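*Asks:* Okay, here's what each chain looks like letter by letter:
Protein chains: 2
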Amino acid sequence: MRAADWPSGWVLEKLAYAVRDAALFSSALTHRSVSGSNNERLEFLGDAVLNLLIAEQLYRDFPGASEGDLSRLRSRLVSGESLAQVAAALGLGEVLQLGSGELKTGGFRRKSILADALEALCGAIYLEGGLEAARGVVSALFSARIAALPAPESLKDAKTRLQEYVQAQGLALPTYAVERVEGAPHEHTFWVRCELGGLGRAAQGSGSTRRGAEQQAAARLLEELATSAAVKV
Amino acid sequence: MRAADWPSGWVLEKLAYAVRDAALFSSALTHRSVSGSNNERLEFLGDAVLNLLIAEQLYRDFPGASEGDLSRLRSRLVSGESLAQVAAALGLGEVLQLGSGELKTGGFRRKSILADALEALCGAIYLEGGLEAARGVVSALFSARIAALPAPESLKDAKTRLQEYVQAQGLALPTYAVERVEGAPHEHTFWVRCELGGLGRAAQGSGSTRRGAEQQAAARLLEELATSAAVKV
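Line by line, the protein sequences give chains A and B.
So the first sequence is numbered by my numbering: it starts at 110 and just counts up by one.
So the second sequence is numbered by my numbering: it starts at 110 and just counts up by one.
Simulated from the structure, these hints should not be mistaken for laboratory data.
Because the structure is a prediction, the values reported are computed rather than measured.
Mixed in with the good hints there might be a few duds.
[What the hints assert, rightly or not] Mimicking SDA-like on lysine to any residue, the simulated pairs with C-alpha atoms at most 20 Å apart in a straight line are:
{"no.": "1", "chain 1": "A", "residue 1": "Lys268", "chain 2": "A", "residue 2": "Leu308"}
{"no.": "2", "chain 1": "B", "residue 1": "Lys265", "chain 2": "A", "residue 2": "Glu149"}
{"no.": "3", "chain 1": "A", "residue 1": "Lys220", "chain 2": "B", "residue 2": "Glu176"}
{"no.": "4", "chain 1": "B", "residue 1": "Lys123", "chain 2": "B", "residue 2": "Lys265"}
Work the whole structure out from these sequences, hints included.
*Replies:* Here it is, written out as structure tokens:
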């Protein structure tokens with residue numbers, strides 16, 4: 110798996126970045142299951158680098174988006190799932206150094222390990238090449254994903270959308286009440302009722318957390334409103 | 110409160126940064142309670158700028174710190190409380206533009222409003238002056254706080270410290286069990302028992318969340334170990 114010019118050749122080929130300090134990039138591509146220098150600290154730094162570069166790109170690309178919109182868009186791009194997909198597309202798992210335990214259990218395919226290593230690479234590029242070098246790499250890796258982002262509006266959760274709808278209509282805010290809690294502690298199921306006093310409507314939701322039950326109740330109420338009254342919510 | 114050369118004069122005096130685009134900094138110092146251009150989007154960007162600059166400084170200043178240590182140190186520096194203190198020391202509340210509602214209720218003293226405005230200023234400086242300009246300002250604002258940081262070890266929570274102690278001693282991991290839950294839903298009090306099988310010791314903790322109760326139980330067990338056995342934990 111590990112070519113003679115690892116990691117410099119791989120980084121140049123995949124990220125178009127010319128490594129100067131091979132030991133730094135070797136650390137970035139080494140999981141903590143290998144004793145000695147690994148990528149944990151670089152991941153801490155790289156996470157912040159990636160967050161800033163994505164934040165800036167979204168700030169510029171979505172001039173009309175609110176802070177909440179920008180946060181939701183960023184979460185989608187830098188989620189563990191998204192980073193793991195980017196890492197997998199690069200074939201990062203094939204050049205990652207893993208301890209024997211992780212190797213046996215297929216750690217090179219584990220999403221969190223791939224996502225962490227991608228962050229660590231961003232950290233290494235930033236440390237060695239500065240913010241502009243990191244920007245070039247991050248921009249190349251994420252531009253297609255940024256272009257494919259949905260409208261910020263569609264990422265809002267149901268409670269937020271319901272609240273904005275009633276505010277726009279000049280109605281009273283929805284109320285949420287826990288109707289009952291079932292099950293043993295830590296296996297609770299919450300049943301929540303969401304009421305729109307102003308419209309005389311209500312819906313129920315359930316979930317393992319109160320928040321989850323509230324979201325389900327709000328989603329059902331939105332659906333009901335959308336179908337029954339032909340309102341756009 | 111608002112001098113004729115606001116915001117440029119204030120930013121130059123307090124942050125030693127020479128503003129070029131006064132409108133940008135005017136936005137940074139305007140709370141969302143004022144209609145029109147405000148600091149919400151700049152706060153989103155500035156939060157990421159501050160996070161990266163603090164992360165980098167800690168990465169360099171604490172070469173022996175683990176990723177967990179670095180995260181805990183950063184959390185302490187960029188918490189709302191810490192940012193509000195930095196903002197208050199600058200007198201930021203006196204130059205902040207607030208809507209009349211917030212003015213009446215003393216919003217210029219509210220911690221979250223001060224913290225957000227400080228982040229927005231970092232965002233404005235980064236946008237206009239780049240990362241190095243932002244680094245100079247952030248470094249001046251936070252260097253005393255960074256120098257005064259406690260040893261990373263002391264920031265670990267009780268469960269983490271207890272776990273590391275038993276691992277270092279080659280003992281079995283502590284177990285946590287909820288013994289009972291009292292009170293109505295959402296006003297629960299959890300009672301948790303923490304047991305160290307290997308040492309035949311146990312302690313109880315309570316709290317409004319299971320996690321809080323576990324932390325208290327772990328803290329009590331650590332205390333007991335420290336006093337009874339003269340172990341350093």
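*Asks:* Now tell me if each hint is right for this structure.
*Replies:* Structure-based check of all given hints:
no.: 1; hint: A:Lys268 x A:Leu308; result: 16 Å, holds
no.: 2; hint: B:Lys265 x A:Glu149; result: 17 Å, holds
no.: 3; hint: A:Lys220 x B:Glu176; result: 19 Å, holds
no.: 4; hint: B:Lys123 x B:Lys265; result: 35 Å, violated
Of the hints listed earlier, the one the structure fails to meet is number 4.
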